[in-house]
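Now for the letters of each chain:
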Amino acid sequence: MAALIRGLKAGRALRGLRSVAVQGTLSPQCNNVRRGFHRAALLRLASDSKSDTSVPPPSYHEVHTAGESSSSSAQGESSEGAQSNTSFQDQSGEHGEDYETEEQLQARILTAALEFVPQYGWTVETIAAGAETLGLSSASTGMFNNGAGDLVLHFIAQCNAQLAETLAEQNNLVQLGQAESKKTAEFLKDAVEMRLRMLIPYIDSWPQAMSILLLPHNIPDSLKHLSTLVDDIWYYAGDRSTDVNWYTRRAALTGIYNTTELVMVQDSSPDFEETWAFLDNRIKDVVNMANTAKQVQATGEAVVQGLMGAAITLKNLTGMNQRR
Amino acid sequence: MHRFFRPRRMLRDAKQPLLWTAGQLCSNHKPVVTCVRGYIVLPPTNDEEEKAMLHRMMRVDHAGEYGANQIYAGQMAVLGQTQISPLIQEMWDQEKQHLSKFNEILAENRVRPTLLLPLWNIAGFALGAGSALLGKEGAMACTVAVEESISEHYNSQIRTLMEKDPEKYTKLLQLIKEFRDDEMEHHDTGLEHDAESVPGYQLMKAIIQAGCKAAIYVSERL
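One line per chain: the protein sequences are A and B, in this order. Sequential numbering of the first sequence, starting at 1, is according to full-length UniProt numbering. Sequential numbering of the second sequence, starting at 1, is according to full-length UniProt numbering.
Because the hints were derived from the structure by calculation, they are not lab data. Think of the CB as a built atom: it goes at the ideal place given N, C-alpha and C, for glycine as much as any other residue. Honestly, I wouldn't trust all of these hints.
As the list claims (entries may be wrong) - Short, incomplete list of chain B residues facing chain A, as computed with Cβ under 7 Å:
(1) Lys-101
(2) Asn-103
(3) Pro-113
(4) Leu-117
(5) Ile-122
(6) Ala-123
(7) Ala-126
Stated by the list, open to error - Here are the simulated EDC-like pairs of lysine to aspartate or glutamate, each with C-alpha atoms no more than 20 Å apart in a straight line:
(8) A:Lys-189 x A:Asp-243
(9) B:Lys-51 x A:Glu-261
(10) A:Lys-224 x B:Asp-165
(11) B:Lys-101 x A:Asp-243
(12) B:Lys-168 x B:Glu-49
Can you build the whole structure from these sequences, using the hints too?
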């Protein structure tokens, strides 16, 4: 608790250091920013200077750190935008445990807010309720420019990360020989089902979340999450293609996932049986199409060879093939 | 399938021996799925910008080798029964090896291939076949033009990597240098076999090189 307050103080103190460059979301260039952020924060903590007690301004700022040497642990953090849970990698080795970044704080607030979603839906009130459970004032929703969009995107990122982790574990087991590898169709079905099951606790309010994701300013982020999800699933399914199949497979799976999601939100059968049946059928369709495409190609090649043979026979018969 | 390619190349570049680090795992924050060889070309990184840059480079290189493969296929389709065919076949085989190497890199590092691959498929084959219809000299001229463009492109990549951090990108630099040397060899072979004697050589070369530049530009972005 004390650590949290110290962290917040440091965060507020730092805003005095920042020069104004208002941005909607953090860019990946903020790796340098993060490092300078930590160093300056540690200095302020150490010197115990007076901190600015006003509520932090509700937008992201870039820290301009003159003379900060950006050495060594340059890869200490991965910044995937403001939505993901980043684990803090210590830069100086001293005050690491006490301090957390703004991103981490936001992630914690949003995670805490998820339990209030059934009650308040995907709204700013939910985030406020989540902040209050962490002992922060509900005014900290000001940190989230995008309001409910932040919450939904955070949830999606969390689900995708969870899925990727589970798939990686399963893959490890298969590599170690402790589990059998599944066929592609079955693997896809299981992966999509696993991911959609994560929506079950929030399924009543999920249409609201989906409509939030369709807002124009959220579309780039939601598409990015969707493409990461589909890429992960195909990667662990064993797809290593480097030609146009890369695109067709991912497009097919995106279609399957989206349509199944839509079926799921209006499914009232016990344990969503109808959804899984729908999913099964769609995957079978795709597999059938792939097989059919292969067959068509094989038939086409055979036909071409037949025609060539016929043409050569004709040339022989008419004597055109002979050299005189 | 993941056999190290062209073992005799190791002797050629003896100054920088290739290091076999047995069992080294890729630390791209995802566990390695299939890493049979212990030889990793792209350095693992968590920096999004750097990853994007490396992926872009691999994408365009892959597209380049794919296109070159198709160009030689087109040339062989036309000149396959002539005297020049063993030479073209040899150059084609080298390009196939380059392509399979890039396929491996793309698969291992989960790099997205360029969307325009079907276009390069057709365009490459058409260019190869079209130039071969001008005879053996035409085919050689096409080879000279394309290989010069590719070498220039590899050189600029080498420069970029050297400016950033030669130590970190050792293996990648080594790979690109090797490939660039191969392409220069093809270029020289083309010149030796009367590329310049084709009518309209300069014009042809200019057009093909402009096309290559455009292709590289587009493949980097799409």
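Agreement of Lys-168 (chain B) and Glu-49 (chain B) with the hint, judged by alpha carbon distance not exceeding 20 Å: Holds - the C-alpha atoms of Glu-49 (chain B) and Lys-168 (chain B) are around 15 Å apart, at most 20 Å.
Proposed interface contact between Lys-101 (chain B) and chain A, which counts if any beta carbon pair is under 7 Å: Lys-101 (chain B) check fails; min Cβ-Cβ to chain A is 11 Å, beyond 7 Å.
Pair hint Lys-101 (chain B) and Asp-243 (chain A), alpha-carbon separation not exceeding 20 Å: 14 Å, holds
Interface restraint verdict for Asn-103 (chain B) against chain A (beta-carbon cut-off 7 Å): 5 Å, holds
Interface restraint verdict for Ile-122 (chain B) against chain A (beta-carbon cut-off 7 Å): 12 Å, violated
Given pair status - Glu-261 (chain A), Lys-51 (chain B), alpha carbons within 20 Å: Not OK: Lys-51 (chain B) and Glu-261 (chain A) at ~32 Å, beyond 20 Å, violated.
20 Å Cα cutoff - pair Lys-189 (chain A), Asp-243 (chain A): 24 Å, violated
Hint validity - Ala-123 (chain B) Cβ closer than 7 Å to any chain A Cβ: 14 Å, violated
Per-residue hint verdict: Pro-113 (chain B), partner chain A, C-beta under 7 Å: 5 Å, holds
Proposed proximity, Asp-165 (chain B) with Lys-224 (chain A) (alpha carbon, max 20 Å): Since the Cα atoms of Lys-224 (chain A) and Asp-165 (chain B) sit roughly 30 Å apart, the hinted pair is violated (cutoff 20 Å).
Evaluation of the interface hint that places Leu-117 (chain B) against chain A, nearest CB under 7 Å: This hint holds: Leu-117 (chain B) lies near chain A, its Cβ roughly 6 Å from the closest one there, short of 7 Å.
Residue hint Ala-126 (chain B), partner chain A, criterion CB-CB below 7 Å: 18 Å, violated
The structure fails hints 1, 5, 6, 7, 8, 9, 10 (numbered hints given earlier, in ascending order).
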